[in-house]
Amino acid sequence: MIQLKNVNKVYEDGFHALKNINLTFEEGKLNVLIGPSGCGKTTTMKLLNRLIDYTDGELTIDGKLISEINPIELRRQMGYVIQSIGLFPHMSIYDNVATVPKLLKWDKEKTRKKVDELLKMVDLDPDTYRDRFPHELSGGQQQRIGVIRALAAEPNIILMDEPFSALDPISREQLQDELVRLQKEINKTIIFVTHDMDEAIKIADQIILMRDGEVVQKGSPYELLTNPVNQFVEDFIGEDRLRQARGLPPMTAFVDEGYPSINVKYSMEEAITVMVEARKDQLPIVDCDNKYLGILSLYDAVKNREATIDSLVDESVIAYRETAEVEKFVASKETIAPIVHEDTTFIGVLDQDQLLNVLHEQVDQKSGVTS
Amino acid sequence: MEFITDLLQYMSNNSSMLISLTIEHIVMVIQAIGLALIVGIPLGILAAKVEKLAPVILSLVNILQLIPSLAMLAILLLYFGLGNETVVIGLFFYSLLPIVRNTYVGIKEVDPGVSEAGKGIGMTQLQLLLKVQFPLSIPFLMAGLRVAFVIAVAVATIAPYIGGGGLGREIVGGINAQNDIRLIAGAVPAALLALLADFILGIVEKRTKRRFRSVS
Ligand SMILES: Nc1ncnc2c1ncn2[C@@H]1O[C@H](COP(=O)(O)OP(=O)(O)O)[C@@H](O)[C@H]1O
Ligand SMILES: [Mg+2]
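Quick mapping for you: the protein sequence lines, in order, are chains A and B. Using the UniProt record's numbering, you'd call the opening residue of the first sequence number 1 and step up by one each time. Using the UniProt record's numbering, you'd call the opening residue of the second sequence number 1 and step up by one each time.
To be clear, the hints were calculated from the coordinates, so they are not data collected in a lab. Virtual Cβ for every residue (Gly too), placed ideally from N, Cα, C. A couple of the hints might just be wrong.
To be verified - Here are the simulated distance ranges between beta carbons: (1) Val10(A) / Leu78(B): 48 to 58 Å; (2) Glu117(A) / Val50(B): 37 to 47 Å; (3) Arg211(B) / Asp123(A): 26 to 36 Å; (4) Ile23(B) / Lys102(A): 42 to 52 Å; (5) Val50(B) / Arg243(A): 50 to 60 Å.
Please put together the full structure from these sequences, using the hints given.
See below:
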């Protein structure tokens with residue numbers, strides 16, 4: 001875990017580039033620093049591998065003050081990828097990727113295996129590419145090499161400063177997908193700088209939005225999209241993305257908790273009474289722990305008054321998790337949507353009137369009609 | 001026509017003498033350039049690394065080159081006496097500028113992104129210099145070396161004025177004796193030497209460019 005507490009950076013010329021930065025980069029998470037040009041993203045990132053030293057405050061890695069870690073060793077344990085890629089033009093692809101393992105004096109066999117494994121991981125055939133030189137590769141391929149060079153010595157932390165911004169859109173998308181996949185596979189802590197909001201939303205676990213050397217908002221992409229703290233955040237995210245994100249809220253927003261349910265142990269008569277009184281023709285059935293079992297229809301109940309509830313429960317009507325997207329229900333052909341917690345405890349039923357209202361609003365917005 | 005046959009006649013009659021003068025010439029030049037590399041490369045690197053020293057070092061080697069060759073040799077004569085060593089020292093001073101300047105430029109020209117990447121992944125200053133910056137400056141150094149060779153071959157022809165040898169013997173001897181044939185017999189190999197050095201080092205320069213600057 002990397003922690004910045006009240007960190008300030010004042011450059012030699014007196015420019016106050018970072019003002020009281022408080023941040024936490026958690027283990028195994030993909031953190032994206034974003035903001036307009038000159039807001040201090042690169043400066044923040046370079047504090048982490050001591051390419052820049054901070055002026056005051058406290059910066060710790062796993063509880064250890066960064067100023068007490070030897071910068072050369074620190075950097076060898078951290079991957080570093082930059083926008084200009086910075087491959088060594090006079091070295092083969094193999095030598096480029098093997099740079100840090102060589103600095104760390106790994107034995108040849110281990111290094112060779114690692115390089116081949118990494119080349120394969122980014123879809124470059126080792127036998128074809130190992131002995132090539134950087135200029136013999138396309139921009140996208142070069143940046144892949146830039147990324148795996150940073151991964152070669154198996155660092156736990158990887159710093160990436162606008163690594164994909166110079167690439168064509170197709171390579172960029174591919175590399176973003178690869179990065180997300182890689183991140184899942186190798187579970188590294190990644191600090192990623194970008195000025196592209198789409199990129200941030202796509203890949204981030206945590207987005208840190210900066211402006212003029214300050215953190216304006218940090219949180220998950222969902223949090224930023226649904227709950228921007230001020231106008232600047234809204235403007236930076238952009239009207240289109242916000243509207244898209246507003247989309248349909250998750251199931252929880254539509255739960256009708258007053259909808260009746262009944263324990264499977266009760267009698268059929270009791271079930272019929274509940275339905276008639278509540279004017280419902282379908283009744284969710286739960287067990288003694290209030291876990292959802294299925295649906296009993298009034299029609300079936302009236303036709304089989306002597307049967308037990310248990311024998312008539314329609315288990316094919318699936319319940320939705322409270323966090324599920326409403327779209328799933330809208331797309332299904334069901335007439336009722338029971339909603340449950342993660343552990344299938346019954347909460348209520350989707351309120352279809354309310355859903356309809358929201359759907360209407362959306363349609364109006366999209367066709368430009370304001371009400 | 002008659003002049004050319006006379007010249008060829010003279011050159012073939014004195015071929016062994018001309019060859020040994022040529023060798024002496026080459027040896028002086030190579031000694032001087034070797035010395036210039038040993039001193040000039042570190043000076044160039046120093047200038048590139050310590051920004052404050054750059055103007056001092058560069059203007060110093062610049063001034064050395066601006067001193068007219070005869071004057072330079074005359075001054076050196078006062079300190080080092082007559083002989084080939086004095087010539088070598090003079091040639092060394094002349095070769096210094098292209099080597100120092102080109103090493104300096106070569107290191108300065110290294111793509112900052114490449115240097116930052118090297119530093120960022122954990123190279124020490126020395127590793128960065130030896131593994132990345134210096135190799136990448138070699139094509140520039142080669143260009144400097146080429147210039148240095150051509151200058152040194154030319155300047156070395158005035159060596160006899162301070163008691164040195166080489167092809168200058170024939171040239172100066174020819175001037176003194178008003179013997180055009182001797183003069184030309186010395187000048188032609190000297191010119192060929194310069195052309196040859198220029199040609200060979202030109203090829204080497206291109207090769208290193210391909211090898212060490214394979215970006216573009
Ligand atoms: N070495 C430096 N000296 C003075 N100011 C600097 C230096 N490096 C960066 N800055 C300034 O600090 C601010 C933040 O820079 P940077 O972190 O590179 O921004 P970005 O968010 O675009 O990466 C900018 O205004 C920049 O001009
Ligand atoms: Mg930047």
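How the hints compare with the structure:
The given range of 48 to 58 Å is respected by valine 10(A) and leucine 78(B), whose C-beta atoms sit roughly 56 Å from each other. Range check, glutamate 117(A) to valine 50(B): about 42 Å between beta-carbon atoms, so the 37 to 47 Å window is met. Separated by about 28 Å at the C-beta atoms, arginine 211(B) and aspartate 123(A) satisfy the suggested range of 26 to 36 Å. Taking 42 to 52 Å as the suggested C-beta distance range, the pair isoleucine 23(B) and lysine 102(A) conforms, at roughly 44 Å.
For the hinted restraint 50 to 60 Å between valine 50(B) and arginine 243(A), the CB-CB distance of approximately 57 Å keeps it satisfied.
The structure meets every hint from the earlier list without exception.
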